[in-house]
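A.B. asks: Each chain, letter by letter, is given below.
Protein chains: 2
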Amino acid sequence: MKVSQLGERGVIDLIWSIIREEGGAQRLKDMALPPSDDASAVRLEDGRHLILKTDMFNRRTDAPKGMRHHQMGMKAVTINISDLAAKGVRPFAFLFSLGLPRNYKQSNVRSLVAGINAAALEYGAPVLGGDVGEARDLIVAGFAVGFSSNLVKRSGASPGDIVAVTGPFGDTAAAHKILLKGMKAPQPLRKTLCRSVYEPRARLELGIALAESGLVTSSMDSSDGLAFTLNELARSSDVGFVIDSLPISKPARDFASLNELSPEDLALFGGEEYEIVVTVKKGAWERALGAARCVGGDLIRIGGVVSEKKVVLIKDSKETPIPSRGWEHLK
Amino acid sequence: MKVSQLGERGVIDLIWSIIREEGGAQRLKDMALPPSDDASAVRLEDGRHLILKTDMFNRRTDAPKGMRHHQMGMKAVTINISDLAAKGVRPFAFLFSLGLPRNYKQSNVRSLVAGINAAALEYGAPVLGGDVGEARDLIVAGFAVGFSSNLVKRSGASPGDIVAVTGPFGDTAAAHKILLKGMKAPQPLRKTLCRSVYEPRARLELGIALAESGLVTSSMDSSDGLAFTLNELARSSDVGFVIDSLPISKPARDFASLNELSPEDLALFGGEEYEIVVTVKKGAWERALGAARCVGGDLIRIGGVVSEKKVVLIKDSKETPIPSRGWEHLK
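Which chain is which? The protein sequence lines are A and B, in order. Heads up, the first sequence is in the numbering used here, so the first residue is 1 and it goes up one at a time. Heads up, the second sequence is in the numbering used here, so the first residue is 1 and it goes up one at a time.
Check each hint, because a few of them may be wrong.
Identical copies look the same in the list; a pair holds intra-copy or inter-copy alike.
[Claimed, not checked] Think about it this way: if two alpha-carbon atoms lie no more than 30 angstroms apart in a straight line, the pair counts; the simulated DSS-like pairs of lysine-lysine are:
(1) LYS250 to LYS282
(2) LYS65 to LYS2
(3) LYS105 to LYS2
(4) LYS315 to LYS184
(5) LYS315 to LYS177
(6) LYS331 to LYS309
(7) LYS281 to LYS310
(8) LYS315 to LYS282
Quick caveat, the hints were computed from the structure, so don't treat them as lab data.
The whole structure should be built from the sequences, with the hints applied where relevant.
C.D. replies: Okay, here's the thing in structure tokens:
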């Protein structure tokens, strides 16, 4: 069996099954977040948590056509910080291991590293160290570290909670159709859509504000796509989600209409969108919205949590299942 | 200019110059170890240090011919832990980002991950998380974290201190000549030599014991080769080293004699050897040796620290400079 048949998630399941079988699980009970969560966490003696995250950026699979090196550097940091943001954790430091092809130009390395440094400073996580080696692909394996007193897990949603997102979806799916399938869009729509994949940003201050508010019961980064994220969040909390209002961006709607595509599909099955999907305590909506707006962010109500284990979209008074399909490496 | 002209160390210098230029240095003053040291460290509020290390293993450049996947997994952990060992830091957790070629066999991934897990458990640093992506090379970017109250820097050696190593050198250089150049050695010499590159281990307990003893003034992991390490350690401490007794292993001597090679060159210019090079306080030799032996380790005296900034080998009563030449990626 090849890893391309297993896919990214199959390999991750394989890894954790080996670690459990081989006695690595002894210490897993100390973990404050399960292996399936957005990041890893350990409780410290002072009661806080140390949160650790690694995510690998590979130019060949993670840089859309036309992405500049500075943007690649920023994205390599963003993909790590977004997971900390979803856990409500302020990053403390960033490290990276850089794999470089032998014939890579110094000027491109310079732009890449300037991008890494710019993003690290923007997120308040200074670059503290790294390693450089040779690789056939340009690779940035990032590592982010943070401390937290308000960790928000993927599990924790209860029936009656509100399902919400930190922004509208669909732009990245539209951008991929432009860049990979050559679909058309007039300027400046094309520019707006492409910016979503060239310059993604993590919702860091918003994630931290929501965690500090104590009003959020579960949370997950949406980078694997909205449909997958909703399913995963519901599964982790052992509940169901009824989505009655899909958060589709205006540019994605315009692009769908121009190209006769389903705007719902663009919003559900995009991926590489770094919004946060959260559930908010029953009766706390106005306060949660206030907490989000306080840091210049937003919160969009898209549905509710139910006890029946289903993830469905209500459309024309009918329930349609939202399949757990999303972005996956190696597949 | 291509990165192959800069080499690994040139790229690292470039990275830090960019980070300094672009304002990343603002927070660098909080760093308890300079960027050039073996790992990164930040002082915590409770007075301890948080130590962070990332090192990337690439099968194509870091796995010698004939290395099994389990051994690759163990080496990917060892290269990270060795740097913590040199700083006297007990690791607390290990994470890794895995880059996999699409056609990689599941059974090889299984062996690799079992190796990672086995080494992580051996060093007491359980695997807490990771990421999986696609890459043309098999890549394991490791990330090790630890806390410390007894950090040993590369700087800190003073004239009069003793220069010592935790084991003899030369086996890996000999093994590379067997595996890459086809040089001959009878069994079991061949087996002994090859084991040094297939199954390297970090001197973790020894490094921690030496740091806790308080008798070590500076310390560095020797993975870039003994000659380079001696030069780097002397430079960091702004002193010189006079080496009067090169620590050449018996198997390396035998191999050198069989193949008419210089045993000194094998010991000095090998690389990928995970011993620790330390300087020991004047008058503390017996106690330092006791601390090493207490944990089943050893300490071999090889020379002394002098104020004149030179790194020389005494041979036949003559001083020969030890050039700062060593293992380097991308070159």
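A.B. asks: Are the hints correct? Go through all of them and say.
C.D. replies: Against the structure, the hints come out as follows:
1. Proximity of LYS250 and LYS282 under a CA criterion of 30 angstroms is satisfied intra-copy only: 29 angstroms inside one chain copy versus 73 angstroms between copies.
2. When the C-alpha separation of LYS65 and LYS2 is checked against a cutoff of 30 angstroms, the pair qualifies both within a copy, at 27 angstroms, and between copies, at 22 angstroms.
3. Within a single copy, LYS105 and LYS2 get their C-alpha atoms only as close as 33 angstroms, which misses the 30 angstroms cut-off; across copies the closest is 5 angstroms, which meets it.
4. In this assembly of identical chains, the alpha carbons of LYS315 and LYS184 lie at most 30 angstroms apart only when taken from the same copy (28 angstroms versus 74 angstroms across copies).
5. For the identical chains of this complex, LYS315 and LYS177 are intra-copy neighbours only, at 25 angstroms inside a copy versus 69 angstroms across copies, given an alpha-carbon limit of 30 angstroms.
6. Taking identical chains as interchangeable, the C-alpha atoms of LYS331 and LYS309 lie at most 30 angstroms apart only when both belong to the same chain, with a minimum of 27 angstroms there against 56 angstroms between chains.
7. Taking the closest pair of Cα atoms, LYS281 and LYS310 come within 30 angstroms of each other only inside a single copy of the chain (19 angstroms); across copies the shortest separation is 67 angstroms, beyond that limit.
8. Taking identical chains as interchangeable, the C-alpha atoms of LYS315 and LYS282 lie at most 30 angstroms apart only when both belong to the same chain, with a minimum of 23 angstroms there against 80 angstroms between chains.
Checked against the numbered hints above, the structure violates none of them.
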